[in-house]
Amino acid sequence: MIDLSKLVGKNRIVTSLLLGMAFWFFARPSFVSIAAGAPFVLLGEAIRTWSSGYIRKNQELATTGPYAFTRNPLYLGNGVMGFGFVVMGRSGVLLGLFLFAFAFIYRSTIRQEEERLLEKFGERFSEYVRTVPRFFPHWPGWPSAEGRFDWGLVMKHREHRTWLGILVVLALMMIKVS
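Each residue of the sequence shown is one higher than the one before, starting from -8 at the first, in my numbering.
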């Protein structure tokens, strides 16, 4: 039997595009809702950018920068950004779709990633799990202050494309209001 959550999790880009089309269909933005939602979108992407500057995927366990406060800062950033888009869209349908899709996609994705990280990093990851929360940040974070933000990693992870995509969505929302 097909595990739908794994299928959707592995195809997050396609799923995001489908959700984007639903967003466009159901969104009823106003200038006020765009102004209210934009700070959340920008904060979410700032969290993603900060996170991208610390993660070396499949090479080392990220525990510094935002990873000292939450094990999944990229997904936290996605959540904050998604909430901002929902605020912009002013639709209960969008809120329901967002909450369902976010929980559905990331619950499975996080579980799979944690299994892989435990296998790869063993006790170090287990200690990290005991100290740092899965999603909602806590202060103080992981005891390590080492690690340095790297703009090269941000570019490698293509966060500049996400910033560009945000600008496109904001422009489309402004057009839809007009």
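It is worth saying that the hints were derived from the structure and are not from the lab. These numbers come from a predicted model, not from an experiment. Ideal Cβ positions, reconstructed from N, Cα and C, are used throughout, including at glycine. Treat the hints with care, since some could be wrong.
[To be verified] Label-pair ranges, simulated between beta-carbon atoms: (1) M165 / F112: 38 to 46 Å; (2) G138 / G83: 19 to 27 Å; (3) N2 / A37: 33 to 41 Å; (4) F93 / R121: 23 to 31 Å.
[To be verified] Cross-link-like lysine-lysine pairs, in silico, PhoX-like; alpha carbons within 25 Å at most: (5) K167 / K111; (6) K48 / K147; (7) K111 / K48.
Verification of the hints:
At roughly 45 Å, the beta carbons of M165 and F112 sit within the given window of 38 to 46 Å. Separated by about 41 Å at the C-beta atoms, G138 and G83 break the suggested range of 19 to 27 Å. For N2 and A37, the Cβ-Cβ distance of about 26 Å falls outside the hinted range of 33 to 41 Å, so the restraint is violated. The hint said 23 to 31 Å for the Cβ distance between F93 and R121, and at roughly 25 Å that hint holds.
Between K167 and K111 the CA atoms are separated by roughly 47 Å; this puts the pair beyond 25 Å, and the hint is violated. Note on K48 and K147: the hinted pairing holds, with a Cα-Cα distance of about 11 Å set against a maximum of 25 Å. Distance restraint check for K111 and K48: the Cα-Cα separation of roughly 12 Å lies within the 25 Å cut-off, and the hinted pair is therefore satisfied.
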